[in-house]
Amino acid sequence: MTVGPQPFAALEAPACVLDRANLDTDQIVPARFLRKPRSAPDGYAPFLFRDLEGLPPGARPAEGAPAARILLTGPNFGCGSSREGAVYALVDAGVRAVVAESFGDIFRANAARNGLLCVRLSAAQVAALMRSVTASPQARLRIDLPEQTVAAPGVAPMRFEIESFSKQLLVAGQDEIGFTLARAAEIAAFAAQAEAERPWLVPPPERLRTAP
Amino acid sequence: MPPEDATAPPRTLFEKVWERHVVARDAAGNELLFIDRHLAHEGSFHAFAKLAERDLPVARPDLTLLIADHYAPTRGRGAPIADPEVARVIDQLGENAARFGLSLIGLSDPRQGIVHVVGPELGFTLPGLTVVCGDSHTSTHGAFGAVAFGIGASEVAHVLATQTLWQRRPLAKRVRFSGRPDAGVGAKDLVLAMIAQIGADGGTGAALEYAGPTVEALSMAGRMTLCNLAIECGARFGLIAPDRTTFDWVAGRPLAPEGAMLERALADWRALASDPGAAFAEEIAVSVEGLAPMVTWGTSPEQAAPVTGRVPDPAELPTAAKRDAAAQALAYMDLAPGQPLEGLAMDRVFIGSCTNARLEDLREAAEVFRGRTAQVPTLISPGSSAVKRAAEAEGLDRVFRTAGVEWAESGCSMCVGMNGDLVPPGARCASTANRNFPGRQGPGSRTHLMSPRMAALAAVTGALGRPEESAR
Ligand code: SF4
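Protein chains in written order, with my numbering: chain A, 1 to 212; chain B, 1001 to 1472.
In case anyone wonders, no lab produced these hints; they're calculated from the structure. A portion of the hints provided could be inaccurate.
With a Cα cut of at most 20 Å, we get these calculated SDA-like pairs of lysine to any residue [what the hints assert, rightly or not]:
#	chain 1	residue 1	chain 2	residue 2
1	A	Lys36	B	Ala1027
2	B	Lys1322	A	Ser122
3	A	Lys167	B	Ala1027
4	A	Lys36	B	Pro1443
To be clear about the criterion: a stretch of chain A counts as covered by chain B if any three or more of its residues have a C-beta under 8 Å from a C-beta of chain B, and this derived list gives those stretches [as the list claims (entries may be wrong)]:
#	region
5	29-35
6	177-190
From the structure, some residues in chain A lie toward chain B, with a derived Cβ separation under 10 Å [stated by the list, open to error]:
#	residue
7	Tyr88
8	Phe103
9	Ala109
10	Asn110
11	Gln138
12	Met158
13	Pro199
14	Arg209
15	Ala211
Given the structure is predicted, the values throughout are model-derived calculations rather than measurements. Don't be surprised by glycine CBs; every beta carbon is placed ideally from N, CA and C.
When you get a sec, could you build the whole thing from the sequences and use the hints?
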């Protein structure tokens, strides 16, 4: 499953509450699965939360049942290892947005490049959404990325903040390689000048290649 | 020393290094950062696949170094690897090196070892550089006054294709350590105490500069341990101003500048330290006076306490989130509130990882092992093959072997278990690595993080030891 990220606009989807703090990327995808290529039909979906016990229904993609597309969870979600496999597992399992009080920085950067939205709200706001979903599990949350709002039944719409760059990547459904490559000449000129001023910026090539 | 331009506002070390790498800035304030050094390990296959999909070359093959470590077998090196998937990812690293024209340190290379140990060892890492790797503990290289940070596979692909990254500049915060640590208390204890104080997300969104006399007195090995664990409080960056200790360590490394170029470099590096009066977003004070060796009791590095202390009662913790997290951790770790840490029986000991497997760490462990016998299965995997040779030249391997310890090859090993070095379910492992997450060392494994000295003590007594003994 090597599809590019899907552009993100407005999302209306059921949500799943996984109320745990510090869910690190080792728990999202255990290390032993990271050697797997992502090219299998269901990608990294089968590895999502694989070793976690006592999960609520919908957190892990069960056979037949569609996974929740929005995950509501505790603070510091995605802390720990930089493995992008954690994002692949969520995305491949159909999760399009995670709502939490805070996220690991690297996880958030990885998410934006793979079409997964990280919504940061205050602890009280996340708790209100969790209560709403727990009270009516079938209800759908609505996340509008262009407007930066989240709405749930019985909860006043909430505005969230997101860096313009992440928003841009998500809305376009792109990573930024093509965009940066257009600046290749500017980058090369920058490097040439820096390397002229500080020649140690380039390691001696022959010593880099082979052991002394 | 006055700043070069007397009218320029004082700047922090982080700002100085960051600013000289900004190629461009967009309207929203995002910055395109030039990357001086890129390290990659076997996990990079996802990023190379992205490059291959678009048929893109590597922009600057002279600035990337590939090293096999995450899946490196630590026993029977040289023999065929039994697990075909593990063999495959290691082969792929070599194939990508060949296909994209990159330098490779493979399993049979005498320079092989963990990326964050090998980079500094070779002088690939230098002060004032930007260093990235698809591994969150890249913060380690900040010990040299580099802006070093972990990235994900999409960003690795971006670096390969463009040698740059789009980033938002994080806030620089300063952590000032004060106090002279007692004998037997080292960098690992200092940084575990800091994380326990500020929390596992206390550094999120920030670059932490470690400063103060306690930090200045540390060796490079200790400084690397400190920076290595920055990510465990959520900070993507940890850094320390380069000084005499740094320069003496760097000079003479195979890839470091020499002669007149070294002199020029030194002049440049000396000016990197934060200017007096430079403003930090926050100043954090950590006192280590009288600190006992630290061990973790839970499943987050913030869940740490002095070994002389007790497992906390979750009910007494300040916030609901901390109470829930502690209750879950105690259930997972099979510990009771109020239980003393000293004397807690260990089933395994692992001394290794990019946190604590440098020569100094092994010497510290050897001091404890000398003349004693390990009571539980103990594995030592040196941080690099060079560290292994140096330890053997000093006879440390004989001390370990005589104590009944397994002396293995270098790699990530039981830090993450990707090569098959796993802790069995339910077993308690004293580990010198950096993460005690549930399942980190294998499904159901229970990890207690500590210094090499405390881990060695756990090996010879089969339990968490007394601090007096560790100071022996
Ligand atoms: S030793 Fe552990 S933390 Fe360090 S690079 Fe390897 S897996 Fe990552």
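Hints, verified against the model:
| no. | hint | in the structure |
| --- | --- | --- |
| 1 | A:Lys36 to B:Ala1027 | 39 Å, violated |
| 2 | B:Lys1322 to A:Ser122 | 16 Å, holds |
| 3 | A:Lys167 to B:Ala1027 | 14 Å, holds |
| 4 | A:Lys36 to B:Pro1443 | 18 Å, holds |
| 5 | 29-35 | holds (count 5) |
| 6 | 177-190 | holds (count 8) |
| 7 | Tyr88 | 8 Å, holds |
| 8 | Phe103 | 8 Å, holds |
| 9 | Ala109 | 6 Å, holds |
| 10 | Asn110 | 4 Å, holds |
| 11 | Gln138 | 26 Å, violated |
| 12 | Met158 | 20 Å, violated |
| 13 | Pro199 | 6 Å, holds |
| 14 | Arg209 | 5 Å, holds |
| 15 | Ala211 | 5 Å, holds |
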